[in-house]
Amino acid sequence: MNLTCDQLEAVLPELLDGSPDGATQARAAEHLATCDRCRLTVEETGEVRSLGRAHGRLRLPDEARRRILDALESETGGGG
Amino acid sequence: MPPISLTEVFDRFADGVYTLAVRLLRDHHLAEDVVADTFLAILRGRAPYRGDGSLAGWVYRIGYRRAIALLRRRRELPTADAELLPLADRPAEAVHAEVIRPELADRLDAAIGELPPTLRAAFVLRDVNELSTAEVSAALGIGESAVKMRLARARARLRVSLKEYLRESHL
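Sequence order for the protein chains is A and B. Mapping the first sequence onto numbering that gives the first Met the number 0, position 16 (from 1) lands on 15, and the numbers just tick up by one. Mapping the second sequence onto numbering that gives the first Met the number 0, position 8 (from 1) lands on 7, and the numbers just tick up by one.
Fair warning: there could be bad hints in the mix.
A few chain B residues that face chain A, going by a derived Cβ cut-off under 7 angstroms, partial list only [to be verified]:
#1 Asp14
#2 Val21
#3 Ala35
#4 Leu42
Treat the hints as calculated values from the structure; they're not laboratory data. Quantities reported herein were computed from a predicted structural model and do not represent experimental measurements. All residues carry an ideal CB built from backbone N, CA and C; glycine is no exception.
Extracted from the complex, chain B is given alone in its bound form:
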């Protein structure tokens, strides 16, 4: 693999790691911390890239593990749920927000948030961030068949949650 600078890695993956972290944690400030921690860990060589696998899978693996650690820690706090930011109030912009109606965007946010975290991560990495199945497998640390199973379940649940909107989304 040709040398790649940290800035290039950041430019390529920062939005994607942020997206994964927001979708998992539903908290923009924590998600920003996940992005910072991910790239500082890369800089400090805590999880060195050996060049024998997908760069995307490696970067997302670091971010995913950090986000899951924060998710687990927050679940141990009894008042955590009441403190979550509604995702509709997010300061961040959706990259392609203009292509769908705001109410559909809000409903999609809610529907993704209703998925269990394991299914949510598979959907976000594969269908939102558009990683390959092999890259998602590397990021989540599970086999490709498990990725496909989680993705199928996530899509099926979202299909039910969004049913009334699907025929009129006009994508």
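Just chain A, with the same shape it has in the complex:
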């Protein structure tokens, strides 16, 4: 049986994270073949996730990294 739009939205995390069971994947594919709105939702949500992965991560500044590592080393007497 084909999924409704609400049901499609409920399984969206599994679809995007690549872990739906075969039956869910098949039913979702059937729904997406006929529903432009849900297809757009899936595409845009996937883009949001990709943006987060591509840009969201920050690098601890080198000065802070050195300072924290120095503090850790001073507590361990120079060991790691």
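Please build the complex by placing chain B on the supplied structure of chain A, with the hints as guidance.
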């Protein structure tokens, strides 16, 4: 689990804990304090790792609790919001900043910052730091179904906030 040195744990997770803390606190100096506190707590054995769960979940749990404590404390200060650093002025570099336009980067920063902290943490841990659902569950101290619910809400809000940029992001 084979022995792992504190330096190795630091190298593996320092950027991720920093990312989580910056995204939650929107203050780079406080975020650096969170990183320092997290690894000093590990060194001092305040929250010993028992080896029976995810190492990432354990490390992020310590950092998350510290960041949330600072967030709560800052909310009690009436002038706190006016003192927040605009994230666009950050001294830190995004690890992959070159792949998107600066204006999109700024808009993504703002959109993440507009999420409630609980949704923000789920999004940052799962979609930015790329932890598994089980690791996010351990880090946040909530069940996996709650993680999925928060993640779905966060993604849906970001989709609305970023709608005008999504079709042209060219990732």
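Status of the hints after comparison with the structure:
1. Asp14: Given a least distance of 5 angstroms, the restraint on Asp14/B holds.
2. Val21: holds, 6 angstroms
3. Ala35: Since the shortest Cβ distance to chain A is 5 angstroms, the answer is holds.
4. Leu42: Interface hint status for Leu42/B: holds (6 angstroms vs cutoff 7 angstroms).
In this structure, none of the earlier numbered hints is contradicted; all agree with it.
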